[in-house]
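Peer 1: Listed here are the chains, written in short residue letters.
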Amino acid sequence: MFSTVGSILVVGGGIAGIQACLDLADSGYFVYLVEKSAFIGGKIAQLDKTYPVNDCPFCIRYNEHMECASHTNIEILTLSEVKDINGGSGNFKATIIQHPRYVDIEKCTVCGLCAEKCPAEVNNEFNEGLGKRKAVYLEYPKAVPNSYVIDRKNCLHFTEEGCNICREACNEKAIDFDKKEKNITLNVGSVILATGFDSVIPSYCEYIKFPNVITSIECERIHSLNGPCGGHLIRPSDRKEPKNIAWLQCIGSRDMKHNYCSTVCCMYAVKQASLAKQSNRMLNTTIFFMDMRVCGKDYERYYNRAKDEDDVRFVRSRVHNVFPVDGTDDLLIRYADEQGKIFEEIYDMVVLSLGLEPSQDAVKLARDLGISLDKNNFVETSSFAPVNTSVPGIYACGAFNAPKDIPESITEASAAACASSLNIAVSKAASHEPLEETGQKPVSTGLIVGGGVTGMVSCLCLADQGYKAYLIEKTDKLGGHALKLRKTFNGEDVTSYVNELIDKVENHPLIDVCFNSEVKYTDGYAGNFSTRIAISSSTETKNIKHGVTIMSTGADFLRTNEYLYGKNPNVLSWFQLDKMLSEEPNIIKKANAWVFILCVGSREPERPYCSKICCSSALRNALELKKLNPDMEIYVLYRDMRTYGLIEYLYTEARDKGIVFIRYKLDGKPEVDEDQNGRLKVRILDNFLGEHIIIQPDFITLQTAIVPGNNENLAKLFKLPVNQDGFFSEAHKKFKPVEFSAKGIYFAGLVHYPKPIDETISQAQAAAAKAVTVLSKEYITTSNEVASINLELCVACLTCARICPSDAVIINGMGKPYVEPAKCRGCGICVVECPTKAIILEHFKNDPILTECEALLEPFTDYVQ
Amino acid sequence: MIVGQQKDFDEIKKMISGYSRLLVLGCQTCVAISFAGGMREVEILASMIRMDRKMAGQDVEIVEEAILRQCDFEFLDSVKDLVADCDVVLSLACGVGVQAMAERYPDKVILPGINTTFMGLTEEMGIWSERCAGCGDCVLDRTGGLCPIARCSKGLLNGPCGGSVNGKCEISPDVDCVWQLIIDRLKALNQLEKLEEIFPIKDWSVSGHGGTRKIIREDLTA
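These protein sequence lines map, in sequence, to chains A and B. Residues 1 to 865, numbered by our numbering, are exactly what the first sequence covers, in order. Residues 1001 to 1222, numbered by our numbering, are exactly what the second sequence covers, in order.
No lab work stands behind these hints: they were computed from the structure. Don't take each hint at face value.
[Claimed, not checked] Only pairs whose alpha carbons sit at most 20 Å apart, straight line, appear in this in silico EDC-like list of lysine to aspartate or glutamate:
1. K626/A <-> E583/A
2. K837/A <-> E820/A
3. K1054/B <-> E858/A
4. K665/A <-> D311/A
5. K845/A <-> D1137/B
6. K845/A <-> E1064/B
7. K43/A <-> E125/A
8. K1108/B <-> E1064/B
9. K1154/B <-> D1137/B
10. K1054/B <-> E854/A
11. K474/A <-> D503/A
12. K837/A <-> E1065/B
13. K845/A <-> E1124/B
14. K627/A <-> E653/A
15. K179/A <-> D104/A
16. K307/A <-> D337/A
17. K441/A <-> E1043/B
18. K142/A <-> E852/A
19. K36/A <-> D151/A
20. K665/A <-> E691/A
21. K257/A <-> E338/A
22. K837/A <-> D1137/B
23. K277/A <-> D255/A
24. K665/A <-> D698/A
25. K153/A <-> D361/A
26. K816/A <-> E1064/B
27. K487/A <-> E562/A
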């Protein structure tokens, strides 16, 4: 038998890989990060802005890159490939080939002399070939590791023998051409594959040869401030500003070869079009799409803004070809609208919204390791173990599992960190972390609020790593809404999964479940919280000391009164249909026609968000109905079919089985009536016919919206932010999906936003991974980014104490304020409000910021004058 | 504390027109706490003036400073050189501070940037209200700690007038009738009998109606 090894191998140093490394390293595990390119960070630095917040993704993530490079628990191996992995879960032997960098990272001072002198100029792949770089290069100024690298393929020393110009130019003597390839053997307990995706131009896109047809990533580079055009949106052929740009969606997605949805292209096209529009109001932007799949948190709002405020034009049509316009570099697009009428339009530039596919090297590695992949080479995972591959001890996260957006990738990365550390929890490596501060020990207990699937998964993750967990449940049983669900969209059995989970939680020696309980009061900071729980059956309260809190109180479903719901017994909610499927299949067998209505209460003016799970659950149930009764006519009335990612398989299957899809618009909702006998009648406009049709179904199922639960009360108690829709707000929409800005409090599941069970579970695992980074510390550490008060300037006006949203400012016995560092979230409100400017926030001091602003404004000084 | 309120910017603009070297001088005590004249307001006002002058195509040189208290001559000495270098001082102190500056620097034009509004307290962030009128003869012992001089619109001393409706003053439904509050509080303190004692006609001579007030303490003077 193998003994278990306490270190972990992460393959792929992109967004997900870095996140997994940091979570593991912060929990005290030693991690090897193997990255095939010369720098970590993956594709993030190529991206211009990130939706839905429009900030610079690289700026936000730079700290993480630096942390990854300097963490004593992380060893980064760049220019490295995994050749082979032997052994089994708990004790793998990985063989890594590391190619030489030829530049010594320790010696390189990034002075740039080598590149200045280098005679070999090649296309810059970082800018998608839209500029040049030298054979010795730094990918971009703040690349990590911050050291030049020699590109052997193009270096004249290797190609033409004997060029030594850079070596002679380097004052630090950092360049050594004699470095050889190294074979490294690593002994690890678990492996995480975070290999990301490739964007591939499909062979049918012959029109990519026209100079003004560019890919979406080229568009990112052109529009990026640090890109080859300095942020000016120009077209390649004549470097002029285009007046019309078209985006073509689903290039390499939802076609015969890639019969899945790439999930991210709708949003990035909307972003690119609206940012382009914002920088040039005269520009015409058109997006040609099939379904607008903007199902993430706050995405619908972003889409609505693009439509209504930025005036981006959306055309529902799949464009099959692009033609050159003779005598110009312009492009002709011919498309058919929904009635089949043909239109022709001329554009200055066309952007192809490329889909994602698994990285080819990763596919080869996964095959070698015997990991099951699906028909499109994505890793096969179960909804209930979303980051586990078919090989025990090997985990996968991010776009290798399915096409997904950054927040979901980061969530999965943290989930993979949780799962891979559970795998080796017994033999945790000694902490290599330096103790910067000494002091209080964190309370090694977690408090989880809400006993649905999310809460139970988080609880088990903590308890299985040896931490005590309290699970607060307001009802008298565990399971939440999942008790009413039968199957996942993949057809996996939810009921038995939930029962198994309940059994594990109730019998775990480290889990204490408090039924019929509610939080009444809470105070403290990361590592040291104190919460009072009231049990509804008694007047007793219970005080719990805990180091972390996880909010997993879930959400609710909308009680609608539309479409005769509640009036006609044959108009069902999805839960009612689920119940009927398991208890009364005979009724279904007798039905002749069935209608599903989607977006009931979602994407409406008063609820402008997508509930994300209704499309897939309707299709799953429709297919079940079809299975029970193949002759039944089934109609799905939808607004956009949002079967993102691999859920697209379900949509394809549904169409194959003869399910009829009819699209409706918000201003042309289906009309549901009943005759005297209660017989239902649905009237809806058919877009192809251009006429109303009438369906007489036996039953109608309404896919009602997911609405937030009573979060306001909890938000007040825990001082947490809630967004305009009533869901909790994370610290950063893109990069901190399970964290609040307050340290030590995390959240997961539907309390964050509606999502299917696999995403819920990975969030629950991710929240637990984050929690362990606090619980595993020997001492409570505080961030440097806290406010501090210069008492010489302070006039004790008490403003800071009055306005602090975290109650971090205390007035001491001397009548002077004091900021409790562990409670301060570094929001800066007190700094701004202090009338005597006595408060400073480390890293955000006035003088450096003002100097920076002045430097930024310098080029405009003449203009202003 | 003394609560101040910044003057309308147009008024300030008019006041300082024609001057090209300004010292904007804040006071870090009462008016800083009431967000009218601390260092923060000095910087904001100075930026506004700069922008305004720039738009008008006029040159201006502004020095920004704030001192602990403008109402003490000793502190005023610390800005001696700054005052000497400017054409005019725009003081964001209360009226006391402005006058102290004018007295200490008799050759210099000193302008007020704020209106000194009242003596009061911060009810909550951003809301201040008057509490004391400085009448020179305190009656709070007899009125449950609530001042009828400062807080009754008519300054009545013997109970509410006929305009008190549902606890509110007739001047506005947003203004509490202080006499209602006095009665409620005395009732709670079980001191309602205090109301039976009639206030005689108040001596307003100590309230400034008898001329500028001055206190001389023999024991403290040299």
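Peer 1: Please go over all the hints and tell whether each is borne out by the structure.
Peer 2: Results of checking the hints against the structure:
1. K626/A <-> E583/A: OK: K626/A and E583/A at ~17 Å, within 20 Å.
2. K837/A <-> E820/A: Status holds; Cα separation ~19 Å.
3. K1054/B <-> E858/A: Satisfied, since the Cα-Cα distance of roughly 16 Å is no more than 20 Å.
4. K665/A <-> D311/A: Given pair K665/A, D311/A holds - Cα atoms ~19 Å apart, limit 20 Å.
5. K845/A <-> D1137/B: Measuring from Cα to Cα gives roughly 49 Å; hence the hint is violated.
6. K845/A <-> E1064/B: Roughly 19 Å between the alpha carbons, so the hint for K845/A and E1064/B holds.
7. K43/A <-> E125/A: Cα-Cα ~11 Å, so holds.
8. K1108/B <-> E1064/B: Measuring from Cα to Cα gives roughly 17 Å; hence the hint holds.
9. K1154/B <-> D1137/B: holds, 17 Å
10. K1054/B <-> E854/A: holds, 17 Å
11. K474/A <-> D503/A: holds, 18 Å
12. K837/A <-> E1065/B: holds, 12 Å
13. K845/A <-> E1124/B: Distance of about 28 Å is beyond 20 Å: violated.
14. K627/A <-> E653/A: holds, 12 Å
15. K179/A <-> D104/A: holds, 10 Å
16. K307/A <-> D337/A: Roughly 18 Å between the alpha carbons, so the hint for K307/A and D337/A holds.
17. K441/A <-> E1043/B: violated, 44 Å
18. K142/A <-> E852/A: holds, 18 Å
19. K36/A <-> D151/A: Status holds; Cα separation ~13 Å.
20. K665/A <-> E691/A: Holds, at about 14 Å.
21. K257/A <-> E338/A: violated, 24 Å
22. K837/A <-> D1137/B: Given that 20 Å is the threshold and the Cα spacing comes to 38 Å, the pair is violated.
23. K277/A <-> D255/A: Violated, at roughly 29 Å.
24. K665/A <-> D698/A: The hint is violated at about 24 Å.
25. K153/A <-> D361/A: holds, 19 Å
26. K816/A <-> E1064/B: violated, 26 Å
27. K487/A <-> E562/A: Given that 20 Å is the threshold and the Cα spacing comes to 26 Å, the pair is violated.
In the structure shown, a violation is registered for the earlier hints numbered 5, 13, 17, 21, 22, 23, 24, 26, 27, in ascending order.
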